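Chemist: Starting from the known structure of chain A, arrange chain B on it as the hints suggest.
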Amino acid sequence: MLLLLPEIIVGCGALLVSILGAGFARPGRSAVFGWTAFAFCLLSLITLPVSYHLTSALRLFPPPWISLALSFDSFALFFRFFALASTSIVILSSLDYLRARALPHSGEFYGLLLFSTLGIMLLAAAVDLITIILSLEMLSISCYVLTAFIKRDERSAEGGLKYFLVGAISTAVMLYGLSLLFGATGATSLAGIATGLRITRVTVLPILGVVLTLVGFGFKVALVPFHAWSPDAYEGAPTPVTAFLSVGPKAAGFAVLSRIFLTSFSPTLASWPSLFAGLSIVTMTVGNLLAIPQTNIKRMLAYSSISQAGYVLIGLVCAVPWAGSALLRSVPPAAGGLSPAVGNPLFGVVALLLYLLAYLFMNLGAFLVVIAVSRTTASDEIPAYAGLMQTSPFLAVSLAIFFLSLAGVPPTGGFIGKFYLFGAAIGSGLWWLALAGVLNSVISLYYYFNVVRYMFFLHPKEAAARRPALSLSFAICLCLAVTLLMALLPEGFISFARAAAYGLSR
Amino acid sequence: MFPLLTLITFLPLLGGVILLFIPKENKKAIKTTALAVSFASLVLSLAMYALFQNGVPGFQFEEKANWIPSLGVSYHLGVDGVGMPMVLLTTLLSFLAILYSWIIEERTKEYFALFLLLETGMTGVFVALDFVLFYVFWEVSLVPMYFIIGVWGGPRREYAAIKFFLYTLVGSLLMLLAILAMYFKTAPHYTFDMVEMVNRQPYSKLPHLWQVLVFWFFYVGFAIKVPAFPFHTWLPDAHVEAPTAGSVILAGVLLKMGGYGFVRVSLPMMPVGFSTYAGIIAVIALISIVYGSLVAMAQTDLKKLVAYSSVGHMGFVMLGLAALNTDGVSGAVLQMFSHGCITGALFFLVGIVYERAHHRQIARFGGLGAQMPRYYGFFMFMGLASLGLPSLSGFIAEFLVLRGSFTAFTLYAGIAITGIVITAAYILWTIQRMFLGPLKEEYRKFPDMNRLEVACLAPLMFVILLVGIYPAAVLNAISGTVKNLLSAAGLPL
Chain A
1 MLLLLPEIIV GCGALLVSIL GAGFARPGRS AVFGWTAFAF CLLSLITLPV SYHLTSALRL
61 FPPPWISLAL SFDSFALFFR FFALASTSIV ILSSLDYLRA RALPHSGEFY GLLLFSTLGI
121 MLLAAAVDLI TIILSLEMLS ISCYVLTAFI KRDERSAEGG LKYFLVGAIS TAVMLYGLSL
181 LFGATGATSL AGIATGLRIT RVTVLPILGV VLTLVGFGFK VALVPFHAWS PDAYEGAPTP
241 VTAFLSVGPK AAGFAVLSRI FLTSFSPTLA SWPSLFAGLS IVTMTVGNLL AIPQTNIKRM
301 LAYSSISQAG YVLIGLVCAV PWAGSALLRS VPPAAGGLSP AVGNPLFGVV ALLLYLLAYL
361 FMNLGAFLVV IAVSRTTASD EIPAYAGLMQ TSPFLAVSLA IFFLSLAGVP PTGGFIGKFY
421 LFGAAIGSGL WWLALAGVLN SVISLYYYFN VVRYMFFLHP KEAAARRPAL SLSFAICLCL
481 AVTLLMALLP EGFISFARAA AYGLSR
Chain B
1 MFPLLTLITF LPLLGGVILL FIPKENKKAI KTTALAVSFA SLVLSLAMYA LFQNGVPGFQ
61 FEEKANWIPS LGVSYHLGVD GVGMPMVLLT TLLSFLAILY SWIIEERTKE YFALFLLLET
121 GMTGVFVALD FVLFYVFWEV SLVPMYFIIG VWGGPRREYA AIKFFLYTLV GSLLMLLAIL
181 AMYFKTAPHY TFDMVEMVNR QPYSKLPHLW QVLVFWFFYV GFAIKVPAFP FHTWLPDAHV
241 EAPTAGSVIL AGVLLKMGGY GFVRVSLPMM PVGFSTYAGI IAVIALISIV YGSLVAMAQT
301 DLKKLVAYSS VGHMGFVMLG LAALNTDGVS GAVLQMFSHG CITGALFFLV GIVYERAHHR
361 QIARFGGLGA QMPRYYGFFM FMGLASLGLP SLSGFIAEFL VLRGSFTAFT LYAGIAITGI
421 VITAAYILWT IQRMFLGPLK EEYRKFPDMN RLEVACLAPL MFVILLVGIY PAAVLNAISG
481 TVKNLLSAAG LPL
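From first to last, the protein sequence lines are chains A and B. Going letter by letter, the first sequence gives residues 1 to 506 in the numbering used here. Going letter by letter, the second sequence gives residues 1 to 493 in the numbering used here.
Chain A with its partners taken away, still in its complex shape (with noise of 0.2 Å):
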């Protein structure tokens, strides 16, 4: 239990919150639900790592029936830190939006939160079919509703449909997909799977499984040709909810991935690491090229996040011994330091969570300077961001920095992140991944720089902007310390990555 038990605050806060909300629900009173969610988060955040190690240290073990749905190793454990710090952000960030356009039923809007992050959170830690596909609609269905929060605002309904269709599909194919591998193998948990894989025969049954899966989490995390539905999802949600969205369902649906793809599959199973790297290549190219026309910023943003699931995708192939068909091994940890000798499958998942790490908070500080500037100007266009270092050079900076991240210019955490992944493609011998990589990352500046330069280089239309509200403030300056913190001192958060992916080998 007391591995459980960031999860069971978490759940007891959803549902306390949403009680609430409904119960004594009054205009204005929504920082009080904000505020109530936000020390939930906070006390999971803290029994995250205590129950961690107090249970290593006292040798506890989960009993049968949890062991068998849900693995409590360090990468789960990177993933549940991801859920909340990503959920406490955008907890701060939407005091004072949803105050501002004083939207009804904020209680409800931070238990959906609240119940997501919990998705997350179990959704990282699941090893059984069962469990993933709870989790995932625990998670899905929160979103879609937070997607289309704006009762009466047209496009987020729209998106919050565009989005509940387009994702009742994918986990209709998914399932299927996965129903596919059940009965293939006869087995629900991923280790038996993963056993029954290597011993039946490869027939058409699997093969198609595996595609299927491919398929349905690529709706999930807006891979090429699955990402149609992101855009106006985005677009339409509160931009809060657009920041969840973001990187939490993102990084969900990649730990799922990392964990069903690499500990179950062999690696030529329906050759799945050439698929992805196809995938990865396409997503990153189709998702900057369509950023470049973009003039609201939540679309181009939408369009970015699109790409960068293709940059991730780079560790994920790269996670993949190329030179043989063998499955993912332990590799007992070197002494001096994660050895990255040439086709070192560890090398790749270390820099496909470091990456998401950065992601997290360079992403999320991004639409924060969305939020702030949308409370000022009350739009999302690019134009409005004209002249954005003369009224609000914190923003602009801030903003400035968060873009230079996003391509992976140095000194700042998507760098390190991008070095990472470039360097797990050229150890795995796939130069022709990371230069694809490298160039997009060019065009990405592009666009990014697009708004740099109407912040800085074109003239305000109107007089100062209103100051942020304190917590966004915060938020924005938390996400930029990381965003340099981890280009200046990345060992921690190195180790960090590598305990994880310690964590998924074992």
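Where hints are given, some of them may not hold.
To be verified - Only part of the chain A face toward chain B is listed, based on derived beta-carbon distances under 7 Å:
1. P410
2. P411
3. F422
4. I426
5. G427
6. A434
7. V442
8. R453
9. F457
10. P460
11. L485
12. L488
13. P490
14. E491
No lab work stands behind these hints: they were computed from the structure. Keep in mind it's a predicted model, so treat the numbers as computed, not measured. No residue lacks a Cβ here, since even glycine has one placed at the ideal position from N, Cα and C.
Modeler: Structure of chain B alone, referenced to chain A:
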């Protein structure tokens, strides 16, 4: 151990941070702080010059600390005879550029903060001895330049700024891939340390296809910066649209990063590759020299003329490097130092006349020599330095390059000399059109150079003359290191 190089590199950054706390209305304080900080860096680098020992193998003033142990990345700084003149050039030109920027009144705080950040980035490139550190500094110098061009530049500044950024970024990222490829061959103790890479020669362990890719990726990364034909097309736009001080730094220092990269990375770490492709590189250098000079002659805008002359002069750097002997490479490094001073001065001069006339069309000028004698004197001096007049630094550098390449490729050296002739032609023709002849009416009231402008140019004049008459001042250090480098690489001296 006194952290001299860390101080020289990071003092400007510290100054930039301090600047952020000064209220933007207090422009005098902002400018004074920036000037003081860059002056401090200059003084420290002069101390470094004084304490430098010529001909000693290896690096001096070394500093090493752990940064990212899990990857084998360390904070490793050091200078040798090639890096030391570059650091000196950087601090000198940055100081003079900041001095000249006293006239900037719009958005002063951002301007000087960006300039100081830029100085840190550039200095860092020349002292870094770890590849990741080198790369970080390389990229860090791109960002402030983008803003400097884009905010304080000319009419087409936005286009020029993003073109400069994207163009150079492609090169840098290709370089990153090459760095990573070499890294994975430094088994079993993986490291990004440049000194270690020279010792272990990971390039030789790469399979052939990878060797070709790594060499040419590095080449493109550096060639874009140099800029060598055909990767020079970003230069005219960036140089012309940048504000005067920005152009000075761009031409004076940023271009040298490319040449320095060749000497620091390509030569010692890929000697076999370099000697294999030396012929191609020499031809490219020749095209840069001749084509660059011819295009310069065709220009009507003074600033663009100086910009293209940079392409021509940096072609000599490439030619000297391709020669792969002591004379050639030493000449190339000296040419980098000399050209930095000369072109820096030329861009200052262009800026001075632009401040008064608000145009840069050579044909519209005429007879300025009578109205602005001091300016005429400086321009003549710098023009003659640019065309390689003996007793000025340009001659020594170009002579060494030609002597070196005459031994390696006699024909190419011969063709390169025509480049010098063309340069002389357009320089003298420009001087004749601008300064000689009857004074045009519109320029009758033009003030001559004031004390600030003279103060910016005088140190450069002094350095150019000094190196021209007594080249051993920098050449001893340069050739000492080049000899060690070439012998370590197994190349003929």
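Chemist: Take the hints in turn and mark each one as holding or not.
Modeler: Results of checking the hints against the structure:
Hint on A:P410 holds. Least Cβ distance to chain B is approximately 4 Å, under the 7 Å limit. Here the hint on A:P411 is kept, as its CB sits about 5 Å from the closest CB of chain B, short of 7 Å. At about 6 Å, the closest approach between the beta carbon of A:F422 and any beta carbon in chain B falls short of 7 Å, and the interface hint on this residue holds. The interface hint given for A:I426 is met, as the beta carbon of that residue sits about 4 Å from the closest beta carbon of chain B, less than 7 Å.
Here the hint on A:G427 is kept, as its CB sits about 5 Å from the closest CB of chain B, short of 7 Å. For A:A434, the interface hint holds, the least distance from its beta-carbon to any beta-carbon of chain B being 5 Å, beneath 7 Å. Interface restraint check for A:V442: the shortest CB-CB distance to chain B comes to about 5 Å, inside 7 Å, so the restraint holds. Evaluation of the A:R453 hint against chain B yields a held restraint, the C-beta minimum of about 6 Å falling below 7 Å.
A hinted interface residue such as A:F457 counts as satisfied when its beta carbon comes closer than 7 Å to some beta carbon of chain B; here the least separation is about 5 Å, so the hint holds. Residue-level restraint check for A:P460 is violated (minimum Cβ-Cβ distance to chain B is 13 Å; threshold 7 Å). Interface restraint check for A:L485: the shortest CB-CB distance to chain B comes to about 13 Å, outside 7 Å, so the restraint is violated. Nearest Cβ of chain B to the Cβ of A:L488: about 9 Å, over the 7 Å cut. The hint is violated.
A distance limit of 7 Å between C-beta atoms decides the matter here; for A:P490 the minimum to chain B is near 5 Å, and the interface restraint holds. With its C-beta approaching chain B no nearer than about 6 Å, A:E491 sits inside the 7 Å limit, and its interface hint holds.
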